[in-house]
Each structure stands twice: as structure tokens, then as C-alpha cells.
Amino acid sequence: MLVVREAVKRFKRGPQVGPISFTVHSGELFALIGPNGAGKTTTIRMVLGIYSPDKGSVLVCGVEAARARGCAAYVPEETAVYPRLTGWEHLVFFSRLYARGRRDAEKLAHRAAEYTGLGDDLRRRVSTYSKGMRRRLLLGFALALETPLLVLDEPTSGLDVSSSVAMRRLIRSAADAGRAVLMSSHNMLEVERLADRVAFISRGRIVDEGRPSELVRKYSASDLEEAFVRAVGGDG
Amino acid sequence: MARHRLWVIAWKDALEFLRDRRSIGLMLVSAFLFPLLGLLVTGLKSQQQAPVVVEVCDSSKYAAELAALLLEALRDYVSFNVSIVNLSACRPVPGAAATIAIPPSFGANLSSLGGTAVIKIYEAIGNPAAVDAVGVAESVMQTYSEKMAEARVRILAEKAGIDINPDTVLHPLKIVREGVTPQGRPASPEEAQRASVARFLAFSVFFVLNPAALAVADAVSRERESGTGELLAITPLTGFEFVSGKALGSLTAALVAGGVDFLAAFAYAAATGFHVADMGLVALHAIETVLAVLVTMAVTILLTLLVPGQRAATLVTSLITGTAIMVFFAVLFVDVAALPLSVKTLLYLVPYTHTALAIEAYALGNLETTLIHTALLAVVTIASLIIAAAAYRPERLVKRH
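Going line by line, the protein sequences match chains A and B.
Per this note's numbering, the very first residue in the first sequence carries number 17; after that it's consecutive.
Per this note's numbering, the very first residue in the second sequence carries number 23; after that it's consecutive.
Here chain B stands alone, though its shape is the one from the complex (with noise of 0.2 Å):
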């Protein structure tokens, strides 16, 4: 085995994608495309002007009060356009997103020991700005409802001639909640933030995992397509330099995607807020985009060399990129260490679910669970490349007529 074939083949697949722009661009677009959504969805609600009406139909102080809350609150916020109306019977306004209606009686209701005061909402349905605005108004309505609630402690204490706190009978369950480490250890505010980066890191490979995969399926598809690959089969190439040029000249295509990916994962941060300071955590996810987008490559090569035709080639590269976000997924929602020991094996046969788990692990600062979790990884791929290369026969690089 004559092993610069090898490098010929990487440097003559890594110089074809170099100078693919397409390919390039479509894993840039790719991998921005979630920073660039996060952006798009904010950049549109300031935008938008979603018309929100506060109907006054009670003329006491608390009405007018809590009114002019509402509108303080509302405006804060560019997306609404917010308005007050003095009725004499409160109904919903054709075409706001939201009418909040303060009904007659509201403010004797709410001033008496015993009555309850109603605030009525009419939420347009189906209208994502509605849910918002009910949000922000239902947030200012709950800090009057506790205020009003105080008042009315202090009157019942002052009527009974007791001094009491009114907050400790307004709320006599307090919750305390406090975030540990897996190990039991109270968790520091940068511990936590860590840890809700990671699984946020975890879940950006993805993103580049379907621009790689499909470059890879190219290369080898192409070959055949195009008809070098009957060029390629009649010279002295062995299928282990075959297989192993094809991934690591697509090693070029997973550099780009890691580093792609890396900018990407900054980009986020920097638009959702997130501080993603520790470089360590940065690193080891570059180290496992890289991973990820190798064992991806490896399958690729074997099951596109296994399946005739660009359409297959295709097909087999959804199919990859559909079980990555299925894991990816599944490892965001389900604590994989509280699963059944069968489907937590069906898991771990998956080589997405270890890097996920890596990076998680690494982010909870288990190094040891990170490094055995990283080095399946490597293994699966370094033996779905040795697979592939003995699946590599000549015919198998021809265009089947």
C-alpha cells in the first residue's frame, strides 16, 4: 500500500470543496441560520405594532390607578401600540390584539374587605402579540392584585389590634431554589449559566452536520455520477486509501463547519445575551463539531458507496442528519441518565448521543465522563471508516447502468 495515494486523494477533495462556493455557502447559511432567526424574530417585533386597548368602564381611583399602570408597562415595550378608552360598558375591540377591559364596580369591589375584583381579557386568537401582551398586562395586574392584598392585611391587623408582616401571611410557603452539581455541590451562578450554554452548544451541531454530510455524499456520489470514479477505479488505489482520502480531504469540509459552527455558537450568545466566556467549553465543542462531522462523513462514504445513485446518496444523508437532530433533541428534553438501561444501550449506539453527552458533561465540569464519552466517539468513527473501506470494491465507483 503506497500511502501518499491517500494524501493525493484528500488534497484533490479538499481543493474541489475550497473551491466549491455553493457547498461553502450553504454551511454558512446553515450554521447562521439559528443566530439569524433569534435576530429576525426580535428585529420583526420591534416592528410591529400591535394595537392593545385598555377600556376603562368604572370611574374610581383604582380603575384610573391600575389603568395608567398598564399603559406605563405597555409602552415600555415598542411592539404595541397601546390605548386608553373610558366606556360606560366594556366589550371587545374588533381588531386588537388584545382588549383588557376594567368593568364598572371594579374599584368598590376592590376597595371592600370581602369582594373580588374582575378584570376581564379579550385575547385575539392566533395572534402571537396577543399572548404577549397578555403576559406583560397579566405581570402588572398580579403586583396590584398583591398590593391591593397587603392593604387589605394591614386594615384586617390594624381591626384586630395586631402588628403582623402581611407579607409572611400573604405568602407563608416560601420557595427557595438553589442549583447543584451532579456531585451534590451548591452550583455557582457561572456553573449554572455553564451548563444551560452547553446544552445550547450541543444542540448548534446540528447545524452543520447536514451541510458536511451532504459535501461528503457529493464527493463520493459525484465520482460516480461523473464517471472519474471508473477513472479512479482502474488505478492502483486500495479501498482503505480511498475511504480514508475521501474523509480526511472532507476533513477540510468539517474544519470549516467547526469553525463555521464556533462563530455561529458566538453569534447566538452574543444576540440571546448569553456569556460563553470559558474558553475550555468553546474548545471542547470545535473538538466534538469536528468529531461529529467525521463519524458523519465515515457513515456517509459507507452507506453512499453501499446505495446506487445520486437520489439514494441523498436520501442516506437526510436519514443521518434526521437521527443527529432526533438525539440531539431527545439529549435537550430527557435526562439520558434516568433511562431505562435498554433504551439508554439503543442511545449510546447512536455516536450524536456522546457528543452531546460530552459536552454536557464537560460543562458540569465531569471530565472523566467527557473524555470516555469523547473517545467512543472517536472510536465509532475511526471503525465506520475501517468498515467502509472494506465495503470499497472498483464497481462500486461506477455508475450503474
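Isolated chain A (complex conformation) (with noise of 0.2 Å):
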């Protein structure tokens, strides 16, 4: 579904981020894991088609990634909402900017709508939301899209525990359903017990990739935050 292959971008001014290889099937979760400007929302930009790369390639859906809109939604972090329009307006804005008729669209938004799970608060300005209530309010559009690809930018960053178990469980789901799941996130334990497979991003390059557990044992570390640690060899 997704593959990336030395994919390599360039910034004027800042580190390169690259070569970067990696592939997520259908039906799996892949996690990307580093600290802060590692390069996972560079990567992630690729992917999604934002950035195309200096070198190499980011293929979704077996297309170029820039041309390959509509095959991956995206959830970001929860400030990326209208705050003075309702939770309503928001999935309707968006859903006619995906949809090609206003019918398809309002069909959309319902779908979206009930993904979020929001009820009578969708009436409510978004602004009055909770950090949890915005994210599900970006997830639940972003399912409701059911692109076979879905791209998560540290999903449960500030949450409480109820909104991250909620979200994870959500998360879980859609690659259960069989969506290509890619997320970023530098929560280690959630990730450990999230993600089918994992990478570990470290100054723009992916240091070492596998299942949370073969990367445990690799590095004879006690979790997955020990194995990073080990794996980048504290640079992290």
C-alpha cells in the first residue's frame, strides 16, 4: 500500500532527511519512532504528498505520492481545526471539499460524523472542545474517508487516559479492517503495544525496523524505549 524507497528531501536550511525505506501492507500498523526532529513529519509529508522527495520514491496505492490524492486521509495534531466553526461545519467543510457532489458530501458527513461520536456536541463550536474531542473529531473524518491508507501524526499526544484508549482502540480497528495504518509518535509503550512493526527514526535516517518484540530481543533491552535507546546508540 505504501512503499518508500531512499527516499531522500532536502531542506535550504536544516539537516536532510534521508535515504528513508520502509513499506506498510494493508491491514497493518506501522509506527514511525523518534524524538523531535528526527524527521517523522518530514516523512510523513512525504507520504502523504506534500513534500516530494529530492531522491528516490514514495509510491501510494502504486502512484506517486503527489498524485495519489484521495488514497490517504490523515489525522494531525488536534490544533489543526477551525475553532470558530462547529464541529458540524468542520466535517461538512471538509467533506465537500473531498466529495464531488453536494449529495456525496452530505453523505460524508454523516459517515464522519458518527465515526466521531460526538452527538448533540457537534453543534458546539469547536473551539469549546476538549484536546480528546478535537482528535476524534480529525479521526473520525479521516475514517469516515475510508481511504486505504491512513496516516496518524502522534494520535494520543496530551491526551487523558480514557481519550487514549478511546483513540488507540479506534486506531487499532481500522487496521484490523484491513486500512494501511502509519503513525508517528514518541509514546514507546503505546506504540509497543499498538504496532504491528515499528521504525526507529533518528537524525533523519531509520535506524532499524521489525515486530516491537524482535526488536526488544535484538537489543536485549526490558521494552521498546530501552531497544531505541540502544538502537540509536544515544543519539535520541
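Everything labelled a hint here was simulated from the structure, so no lab data went into it.
Treat the hints with care, since some could be wrong.
Said to hold, decoys possible - Subject to a maximum C-alpha distance of 35 Å in a straight line, what follows is the list of computed DSBU-like cross-link-like pairs (lysine-lysine): (1) 123/A <-> 147/A; (2) 421/B <-> 123/A; (3) 142/B <-> 169/B; (4) 181/B <-> 83/B; (5) 28/A <-> 67/B; (6) 142/B <-> 83/B; (7) 196/B <-> 181/B; (8) 421/B <-> 147/A; (9) 67/B <-> 169/B; (10) 142/B <-> 181/B; (11) 181/B <-> 67/B; (12) 71/A <-> 421/B.
Hey, can you piece these two chains together into the complex? The hints should help.
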């Protein structure tokens, strides 16, 4: 579903990201783990087609990421909302951008509303929402798009315990339903429990990749966090 | 290209703007700042009690007569606290905004045919009330001086045994001023007033440009800063749809700005006694305001897309509104048509020149020039939108790390 091959992104200012290679299959939950500035966001932007790689390739649904619009849905951090719109208006706005006609847009918005589980709260302005509610709004829409690839950026960062549990359940169910899921996180314990495969990313490169249990074993660590520290050699 | 996306962006931005009380409030405050400033100054002046002293150091009837005239004229203004003091020697009074001293031998000099009577005015430096008081006093003394000069001419004519009109002796040169249109036709008082109103209407456009430019710069940079830009960047949205949608959405801001400016212009006209009865001029002013705001928005969108970060966007906005104020001021005080071609060409490259000139041309009855400047403004607006759409890249909608 997602194939990243020796992708490199250079910036006028700041270090380059890559070469980076990894693959995410349908029904798989793949996590990019690394500290801030490791290159997770740049990698995600290449996958979403926002950045074009200077070298290598990023294929989504078999085509170049920049031309694969509508193949990937994205859940950014919780600030990526319009606070002056109501939750429902927010869903309608994005539905109209994706759908071909008004009727399709309405169907999409209603489906998204169901996924969010926000009920009557959708009538309220987004500015009144908690972090958890904002995430549900964003995730609900991303799930409603029913794209083959779902990309999530730090999906549980800053959430309370019950919101985190609910969010993890929804993400897992998306992968179980056959979608390819790519998520970035620096919460190692969460990833260890949730992801099928993980990649350690540090200084713009993937240091190691594998199943969480394999990586823990490989680095003779007690958990993924320790395995990460050993893999990056203190760089992270 | 699905055109409906353009309207979706416009709808969302309009909704956000109409719910943004701060931006609307800022627009209202900015537009009404000019008339409010006028009202504030008038109000404060009516409250001030600036001491003005008329010192009479001469016992002649002329000194008493002039002092009485000064007292009467200055008391017409509530902002002066006038007093007359009789002294033997004149000197400045500490704390007084102005001291008008009528020195000894004033009457003797004034009543003689060859003498010059001196009045000394002590004006407190840096005191705005002193400037006003001296202005009133000078006007009274000028009238009094003319009256005394006429009396002298009459005495001299009597002595010479000739019958003469003192006015023709005192004013051998008579200046007659008459306003004319650019075509050389005598201008009616209404036309003259319309022309002066047009200059101030042209300048008033500036007051809504700043908040409008800020609103659109904010609309673009906020998408980038909050992360919604990333969500938009992965939708099937094209550059044309994004830029046109943003511009159309911001048109709400432009219309609100135009409406507010329109009200503010009327408020100022009412406060200053101007008569803005020409609905054509008012309507044209509204159209030019909307176009000026639109072109500002198009240029702001383009530059905001090109520069990173919210601070840079604010800087861009300041640059645009700074240019606008320079042009509006220049057009107010300079005859653009009389400038050298190279300078004129440079000014014509700035869209706001056409805003000001279109309003001025209409007020002077030159419809053809009005249409040319309005059309040029519309062309620049459309060109800016096209260039901004071409500059759109999904990566320009995301916050740079």
C-alpha cells in the first residue's frame, strides 16, 4: 500500500531527511518512533504528497504520493481545526472539499459524524472542545474517508487516559479492518502495544525496523524504549 | 477543476470572519478613528480653559476700545479664560497661554497721522491654545487696524479737499479667486465642495486597508500555523480554487470594511460640516474601497504564501499598508498629472494610485478617467489573483520546521 524507497528530502536550511525506506502493507499498523526533529513529520509529508522527495520515491496505492490524492487520510495534531466553526460545519467543510457533489458530501459528513461519536456536541463550536474531542473530530473524518492508507501524527499526545484508550481502539480497528496505518509517536510504550511493526528514526534516517518484540529481543532490552536508546546509541 | 471547492473555501472563510469579533471590532475602530479623533479634539478643546490676559497699560479711549473688542472676540470661544488688567507697565504674565499687551502711548501713536501703535503679544511656546488665542487676537487687531487706517485716509482726504473712497486707497490691488474645472469651466460651489470631499474620501480608503490586509494575511498564515493547511494540502484543492476561495471569503471582510468606511466617511462629514449629498460619489467610493481591499487581499495572499511564518506575514501586511498610506498622502498633496513621466509611471504601478485618482476624477466630472483608473485597478486585482494561484504549492500551506 505504501512503499518508500530511498526517499531523500533536502532543505535550504536544516538537515536533510533520508535516504529512508520502508513499506506498510494493508491491514498493518506501522509506527515511526523518534524524538522531535528526527524526521518523522518530513517523512509523513512525503507520504502525503505535500513534499516531493528530491531523490528516491514514495508510492501510495501504486502511484507517486503527489498524484495519489484521495488515497490517504491524515490525522494531524489537535490544533489543526477551525475553532470558530461548529464540529458539524467542520465535517461538512472537509466533506465538500473531497466529495464530488453536495449529496455525496452530506453522506460523507453524516458518516464522519457517526465515527466521531460526538453526538449533540457537534453543534457546538470547536473552540469549546477538549483535546480529546478535537482528535475524535479529526479521526472521525479521516476514518469516514475510507481511504486505503491512514496516516496519524502523534495521535494520543496530550490526551487523558480514557481518551487515549478510545483513540488507540479506533486506530487498531482501522488496521484490523484492512487499512494500512502509518503513525508517528514518541510514546514507546503505546507503540509497543499497538503497532505491528516499528521503525526507529533518528537524525533523518531509519536506524532499525521490525516487530516490537523482535526489536526488544535484538537489543536485549526490557522494553521498546530501552531498545530505541540502544539502537540510536544515545543520539535520540 | 471542481469550481464548487472555491465556494466551499469562500463559505468557510466568510463564516470564520463573521464570527471573528476581534477583527470586525478592529475594523470598526480603525475606520472610525479619523472622525473620532476630530470629535475628541473638538470635545477636549471645549473643555480647556486656557488663560489669556489683555494688559492695558495705556489710558486712552483707543486702548479701552481695542481691549473691549479683544475681550468680546476671545469670550466667544469657550476654551479661553480671558481677563483684562490695567497696569502702568506691561510684561508677560506667568502661566498665561497668551498675554496681549497694549503699551503706554498706544492711543497717542494711533491717533496721530504718522505714528505706529505697537501691540505686543507674549505667546507661550509649545502651547496649542496660545496659537489659537493669538490667531483670534490678530484677526481682531487686523480689523481694528483697517478701521483706523480708513479714519486716517478720511482725515487726509478732508485736508486735501478731495472726495475719495478710503477702501480704494487702502486696497489698490483686488484679488478675485474663482474655482474652475480641469476643462476650464467655472466650477459651481457644489463642484468645488465635491472636489474637496473627494480628496478626503480617497484618503479615508486607507483606514480599512490595514485591518482587511491583516484579516486575509491571518486567514492564510493561520492555516499554516494551526496545521489545517496540511489538511487542505492533501485535498484535491487546486491553487486557483484556494486563492480565489480565500479572496472571495475575504470579500466578506472587504464588504464589511467598505460598509464601515462608508459610515465613517459620513460620520466625519457630519462632524466637520462637510456636505456629502452626491450619492454617485458615495457609491463610487464604496466600489473603489472594495476594489482596493480586494487588490490588497490578492497581493497579501501571494506574499503570505511566499514568506514563512506569521511574523513575516504581519511584516508583509505592514509593507502593503505603508505603501497605501504613502500613495494616498502623495495624491492628496501632489498634482499627479503634473509629475515627470518616470515618476508618474512608478506611481501608476501602485494600484492605490488608481483608487485615489478614480475618486478624484469622478468628483471633477471626468467619467472617462474614472473608468480608466477603475478598470486598471480591476486588471491589477485579477492579475494578482492569477499570480497568487500560480504561486500555490501544497508545501506552502504547511508550517516549515
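Tested hints:
1. 123/A <-> 147/A: The hint holds at about 26 Å.
2. 421/B <-> 123/A: Between residue 421/B and residue 123/A the Cα gap is close to 32 Å, so the pair holds against 35 Å.
3. 142/B <-> 169/B: 19 Å, holds
4. 181/B <-> 83/B: 24 Å, holds
5. 28/A <-> 67/B: 59 Å, violated
6. 142/B <-> 83/B: 18 Å, holds
7. 196/B <-> 181/B: At roughly 27 Å apart (the allowed maximum being 35 Å), residue 181/B and residue 196/B satisfy the hint.
8. 421/B <-> 147/A: 20 Å, holds
9. 67/B <-> 169/B: 31 Å, holds
10. 142/B <-> 181/B: 32 Å, holds
11. 181/B <-> 67/B: Judged against 35 Å, a Cα distance of about 50 Å means the pair is violated.
12. 71/A <-> 421/B: 22 Å, holds
When each numbered hint is compared with the structure, violations occur for hints 5 and 11.
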